[in-house]
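Asks: To convert, count from 1 in the sequence shown and add 1165; that's this note's numbering.
Hints should not be assumed to be uniformly reliable.
Straight-line alpha carbon distances no greater than 30 Å define the calculated DSS-like cross-link-like pairs of lysine-lysine that follow [to be verified]: (1) Lys1317 with Lys1294; (2) Lys1354 with Lys1374; (3) Lys1176 with Lys1294; (4) Lys1317 with Lys1178; (5) Lys1289 with Lys1241; (6) Lys1371 with Lys1341; (7) Lys1328 with Lys1317; (8) Lys1174 with Lys1317; (9) Lys1289 with Lys1328; (10) Lys1341 with Lys1317; (11) Lys1328 with Lys1371; (12) Lys1283 with Lys1294; (13) Lys1294 with Lys1371; (14) Lys1341 with Lys1328; (15) Lys1317 with Lys1283; (16) Lys1374 with Lys1357; (17) Lys1357 with Lys1371; (18) Lys1341 with Lys1354; (19) Lys1341 with Lys1357; (20) Lys1328 with Lys1241; (21) Lys1328 with Lys1178; (22) Lys1341 with Lys1176; (23) Lys1374 with Lys1328; (24) Lys1341 with Lys1374; (25) Lys1178 with Lys1357; (26) Lys1317 with Lys1176; (27) Lys1241 with Lys1283; (28) Lys1289 with Lys1178; (29) Lys1354 with Lys1328; (30) Lys1354 with Lys1174; (31) Lys1354 with Lys1371; (32) Lys1317 with Lys1289.
Quick caveat, the hints were computed from the structure, so don't treat them as lab data.
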Amino acid sequence: MQLIHHCPKTKAKLIFTHQESTPSYFNKNGLNEDLLLTIALNGEQSQQIVINGELHQFPPYSIIPLVSAQDYSFEKPEQITAWQYSRDFYCNVDSNFEISCFGVLFFGFRGNQFLSLKEDCREKFNVLKQLFIEEFQTIDTIQTDMLQMLLKRLIILTTRLAKEQYLAGKIYEEEKFDLIRQFNILVDKEFKNQHQVRYYAGQLHKTPKTLTRILMDLITAPRQSLFRTES
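Work the whole structure out from these sequences, hints included.
Replies: What follows is the structure, encoded as structure tokens:
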């Protein structure tokens, strides 16, 4: 099953994929065109996922957030439930920074975040999946609003999991978090052409040394290589 909704006013896109053996948009060709953000939920069996050429284990009943710059493929796509959306469909930048399109899930922290679901949480996501299916099938003037509301709930639930499993007991400052976001957004857009720390430092109005000191322990391993090549 693959359901697609376009906002009548903006043509922004939301895609819901559930147990589809040959899904569209699960590859870089589909993603690059629309710059979709993805929240992918695995089923009851572990499987492999390849992200930017690197092989990872995708545990059962777990979630991974993915961004448009990542080229990825699933070993068993028929087990995947995925929500994919363009940033103009849901972009809560002016609200809490943790749940914006540039928040905790997609641009804020290091590494690929595999988020495990406990039994009670699985039930919440099962209910949410059913609500999405029902709303995709309800065609009226408030359908977009309802889907945006459900998507916000999905993002909040997933963000809470990320904070519990990756940030438990840690204190982070919004100012530093915002710098991490801005850096990751820049790399997401420019990495194919720009591989030098001094370029990103200039864009962020920091010296290369300052940027390295702040970000080296907080960003993903592939992006740490940027700093190593200039050290």
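Asks: Determine for every hint whether it applies to the structure shown.
Replies: Each hint tested on the structure:
1. Lys1317 with Lys1294: Cα-Cα ~13 Å, so holds.
2. Lys1354 with Lys1374: holds (22 Å)
3. Lys1176 with Lys1294: Cα-Cα ~23 Å, so holds.
4. Lys1317 with Lys1178: holds (15 Å)
5. Lys1289 with Lys1241: holds (23 Å)
6. Lys1371 with Lys1341: Answer holds: Lys1371 to Lys1341 is near 13 Å, not above 30 Å.
7. Lys1328 with Lys1317: This hinted pair holds, its Cα atoms lying about 16 Å apart.
8. Lys1174 with Lys1317: holds (19 Å)
9. Lys1289 with Lys1328: Judged against 30 Å, a Cα distance of about 17 Å means the pair holds.
10. Lys1341 with Lys1317: Holds, at roughly 24 Å.
11. Lys1328 with Lys1371: Judged against 30 Å, a Cα distance of about 28 Å means the pair holds.
12. Lys1283 with Lys1294: holds (16 Å)
13. Lys1294 with Lys1371: violated (43 Å)
14. Lys1341 with Lys1328: Distance of about 16 Å is within 30 Å: holds.
15. Lys1317 with Lys1283: holds (21 Å)
16. Lys1374 with Lys1357: holds (22 Å)
17. Lys1357 with Lys1371: Given that 30 Å is the threshold and the Cα spacing comes to 21 Å, the pair holds.
18. Lys1341 with Lys1354: holds (20 Å)
19. Lys1341 with Lys1357: holds (25 Å)
20. Lys1328 with Lys1241: holds (28 Å)
21. Lys1328 with Lys1178: holds (27 Å)
22. Lys1341 with Lys1176: Distance of about 34 Å is beyond 30 Å: violated.
23. Lys1374 with Lys1328: Given that 30 Å is the threshold and the Cα spacing comes to 29 Å, the pair holds.
24. Lys1341 with Lys1374: Holds. Lys1341 to Lys1374 sits at ~15 Å (cutoff 30 Å).
25. Lys1178 with Lys1357: Given pair Lys1178, Lys1357 holds - Cα atoms ~25 Å apart, limit 30 Å.
26. Lys1317 with Lys1176: Holds - the C-alpha atoms of Lys1176 and Lys1317 are around 18 Å apart, at most 30 Å.
27. Lys1241 with Lys1283: holds (22 Å)
28. Lys1289 with Lys1178: holds (24 Å)
29. Lys1354 with Lys1328: Roughly 26 Å separates the two Cα atoms, so the pair holds.
30. Lys1354 with Lys1174: Within the cut-off at roughly 26 Å; holds.
31. Lys1354 with Lys1371: holds (19 Å)
32. Lys1317 with Lys1289: holds (14 Å)
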